[in-house]
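Top line first, the protein sequences correspond to chains Y and V. 316 is the number that my numbering gives to position 252 of the first sequence; each next residue is one higher, with no gaps. 183 is the number that my numbering gives to position 135 of the second sequence; each next residue is one higher, with no gaps.
Any given hint could turn out to be false.
Said to hold, decoys possible - Footprint (simulated), chain Y over chain V, 3 or more residues, beta carbon under 8 Å:
(1) 71 to 82
(2) 85 to 93
(3) 98 to 110
(4) 211 to 219
No lab work stands behind these hints, which were simulated from the structure alone. Yeah, the Cβ is synthetic: ideal placement off N, Cα and C, and Gly gets one too.
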Amino acid sequence: MVLLQISEPGQSPEPHQHRRAVGIDLGTTNSLVATVRSGTPELLTDSAGNQLLPSVVRYQANGAVAVGTQAYDALVEDPLNTLVSVKRFIGRGAEDIKRLGTQLPYELVSGSAGMPNFRTCAGDISPVAASAEILKILVERSESALGGPLDGAVITVPAYFDESQRQATKDAATLAGLKVLRLLNEPTAAAVAYGLDQQGEGLIAVYDLGGGTFDISVLRLSRGVFEVLSTGGDSALGGDDFDRALAGWIGEQADLGDNLDPFQQRQLLKLARNAKEALSVSEQTPVSVADWQGSVSRSLLNELIDPLIAKTLQACKRALRDAGVQATDIDNVVMVGGSTRTHRVKERVREVFGREPLLNVDPDQVVAVGAALQADVLVGNRPGDETLLLDVIPLSLGIETMGGLMEKMIYRNTTIPVAKAQDFTTFKDGQTAMAIHVLQGERELVSDCRSLARFELRNIPPMVAGSAKIRVKFQVDADGLLSVSARELVSGVESHVDVKPSYGLNDDEVTRMLRESYTHAKDDMQLRALREQQVEADRLFEDLSAALTQDGKALLDDREYHCLEVALEDLGRVRNSGRHRDIARHVEIVSKTSEEFAARRMNASIKKALAGHSIDEIDRGE
Amino acid sequence: MDITNNYFEVFGLPVEYDINLRQLSERYHDLQRQFHPDRHVAKTARERRLSEQYTTFVNQAYGELKSPLQRAEYLLGMMGADHGDELLSTLDPDFLMEQMSLREALAEVREADDSEASLQEVANHATSHYAALQREFSEQYSRADVHSAADTVARMQFFYKLLKEIEQLEHELDDY
Numbered sequence: 065m066v067l068l069q070i071s072e073p074g075q076s077p078e079p080h081q082h083r084r085a086v087g088i089d090l091g092t093t094n095s096l097v098a099t100v101r102s103g104t105p106e107l108l109t110d111s112a113g114n115q116l117l118p119s120v121v122r123y124q125a126n127g128a129v130a131v132g133t134q135a136y137d138a139l140v141e142d143p144l145n146t147l148v149s150v151k152r153f154i155g156r157g158a159e160d161i162k163r164l165g166t167q168l169p170y171e172l173v174s175g176s177a178g179m180p181n182f183r184t185c186a187g188d189i190s191p192v193a194a195s196a197e198i199l200k201i202l203v204e205r206s207e208s209a210l211g212g213p214l215d216g217a218v219i220t221v222p223a224y225f226d227e228s229q230r231q232a233t234k235d236a237a238t239l240a241g242l243k244v245l246r247l248l249n250e251p252t253a254a255a256v257a258y259g260l261d262q263q264g265e266g267l268i269a270v271y272d273l274g275g276g277t278f279d280i281s282v283l284r285l286s287r288g289v290f291e292v293l294s295t296g297g298d299s300a301l302g303g304d305d306f307d308r309a310l311a312g313w314i315g316e317q318a319d320l321g322d323n324l325d326p327f328q329q330r331q332l333l334k335l336a337r338n339a340k341e342a343l344s345v346s347e348q349t350p351v352s353v354a355d356w357q358g359s360v361s362r363s364l365l366n367e368l369i370d371p372l373i374a375k376t377l378q379a380c381k382r383a384l385r386d387a388g389v390q391a392t393d394i395d396n397v398v399m400v401g402g403s404t405r406t407h408r409v410k411e412r413v414r415e416v417f418g419r420e421p422l423l424n425v426d427p428d429q430v431v432a433v434g435a436a437l438q439a440d441v442l443v444g445n446r447p448g449d450e451t452l453l454l455d456v457i458p459l460s461l462g463i464e465t466m467g468g469l470m471e472k473m474i475y476r477n478t479t480i481p482v483a484k485a486q487d488f489t490t491f492k493d494g495q496t497a498m499a500i501h502v503l504q505g506e507r508e509l510v511s512d513c514r515s516l517a518r519f520e521l522r523n524i525p526p527m528v529a530g531s532a533k534i535r536v537k538f539q540v541d542a543d544g545l546l547s548v549s550a551r552e553l554v555s556g557v558e559s560h561v562d563v564k565p566s567y568g569l570n571d572d573e574v575t576r577m578l579r580e581s582y583t584h585a586k587d588d589m590q591l592r593a594l595r596e597q598q599v600e601a602d603r604l605f606e607d608l609s610a611a612l613t614q615d616g617k618a619l620l621d622d623r624e625y626h627c628l629e630v631a632l633e634d635l636g637r638v639r640n641s642g643r644h645r646d647i648a649r650h651v652e653i654v655s656k657t658s659e660e661f662a663a664r665r666m667n668a669s670i671k672k673a674l675a676g677h678s679i680d681e682i683d684r685g686e
Numbered sequence: 049m050d051i052t053n054n055y056f057e058v059f060g061l062p063v064e065y066d067i068n069l070r071q072l073s074e075r076y077h078d079l080q081r082q083f084h085p086d087r088h089v090a091k092t093a094r095e096r097r098l099s100e101q102y103t104t105f106v107n108q109a110y111g112e113l114k115s116p117l118q119r120a121e122y123l124l125g126m127m128g129a130d131h132g133d134e135l136l137s138t139l140d141p142d143f144l145m146e147q148m149s150l151r152e153a154l155a156e157v158r159e160a161d162d163s164e165a166s167l168q169e170v171a172n173h174a175t176s177h178y179a180a181l182q183r184e185f186s187e188q189y190s191r192a193d194v195h196s197a198a199d200t201v202a203r204m205q206f207f208y209k210l211l212k213e214i215e216q217l218e219h220e221l222d223d224y
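Could you build all of it, start to finish, from the sequences and the hints given here?
In structure tokens form, the structure reads like this:
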């Protein structure tokens, strides 16, 4: 076979090289990272053997940044510079954050993109930057455990995260120098971890109550395909709120008053959290604060948190209804998140679903494990693996129309990737521009929805009102990220945005922050770029070689075949040159040259797929 | 392959209203297994793009076939008939009166002593009507009665909206 002769030993890329991939659970309270080794998922630990990395970042005046336990220990003594629960702030606007809680132990200032920043002694820090610090530690941990740079990571996000929160999470990963294979919804990740047995069938409900977020998802599992039927939740409800409720009660008993300083607030919250944790094993626990001494019983805690749990159960009911199923149809209930350890939560969930929830995978670890399994698939380490995740968008997407109304274009719980187009027209005679305001949410009024982006379609030729035809197209990719384009059909004028949510970072900011973080690591960046290009080249090389062997003779004429052979040979040579720009250029050339071939193969394979389904078979099947 | 083929062909199903939903879902999974972007991550950018396009198309087709209303609308379109708001004016007055009284019943649910029970009553009524219309459409479609089928679709659109409003109200009642 000619193809076998073109790559000389030592020059060709390794065809079945194992790639380094991890799954990261970037949590409100704790973060974890896992990988798959020899087919088995494994949590990665720090040098002291800890799996959990507290999601706490402390900024010091000398520029030092501490992350994890070390930062957590400084929580009470240095509250203004020690950031916890950053996930509750990521991708959110100042207004949202005000609603999160009246007493925040931070000083928040407005950032350059209208996004709130934390004021610390090391300067103003965005939630994105703080999250990136946490990710960097996990990347270091992974690279030392796996013995080299990562090829990619799957990062989990609450299913109920909106566009801005997803985009902000992706920005944080970019800032940490991570290649994101996929943003994966946490409940889906958990279902994957539980659905290891690929013969599994049936309906799964995933109840995920973390530190700061609640998610419920209903999935149908069938022969390795996880189809999310519905999802719901509250991106600002979690165990932190349990702590706050209990802290409020203790504060009242101890007569601490309303105006606690940040130091006292932190102390009180920490106290409440310890008491809550103690109550998940015992019925009663002593508490003392200032000169007050008392005790908290489990039944008191239950009373305080019941309204919060009730909110989660309402979301469950709604998700079941959206999925078109009854609680009794559910075959398995999976519990995820540290807050499901709270006794009362387990009790209430059991009542609602009428069955014992599954707890055999540690609720803290299950998301990271699922993410690692999916990362392993996506990076290409498990050819032939049947696992496939079909996820949905959690909240409807639409645009503003006359009268401040939200016109939905894509409804919530629609499977992604998805595209929808709709035609709109002009309101005034001679109108030459149209403002497109992209929104997310379920409510009718624009003011009740989240504003994601605004852009303008200009240079519409002047026409009578109502005669221009503007086609707006929404496209959501497999990560759940949106792009919007608008086109005037008569004149062909076009405009396009990848939705950069108003609360996220704009591209300039990401670039600037990236540049800053790389100032001292220029070589590192060069190396990373080279490595990335090599991976891309290897991928293309393997793929095209295999494709040529398989279908080249059938789908290409002699001249086309020869062309691709030569292009491939070049690529193999340049791949080892060590010049990432050259490699990038060759990758582009070979991709271009092989486009037609790729299209023919895709078509051939679709024909084959459909040929398998004859009318006869259908009649028999029924 | 021409992805402008009709949706039934995409899923290898006979072109008719009463489709086997389980079979539809199985075919959907089969197609996704082959074309989903996650199956093509290790491929060239061009192939990844194609896979995203095909998957988007398959999702669209699946969504429309799965929905009783959208499936009917789609078949009506294939018969060459138009559907949409302009059809509503041709509906008979009795039907419109019935719709109005159903809507009134829905509006009164909030004030009812047992909101949940009265909502359930309206919901049951609407659901059984909607199901009956689906049976009618199927029958009209199979004898190629375009005119009656279009009329039925217009009625289904009414009930679909009503069912959405019922759902919305259920959500609101949950929140109290």
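Taking the hints in turn, this is what the structure says about them:
no.	hint	result
1	71 to 82	holds (count 10)
2	85 to 93	holds (count 8)
3	98 to 110	holds (count 9)
4	211 to 219	holds (count 3)
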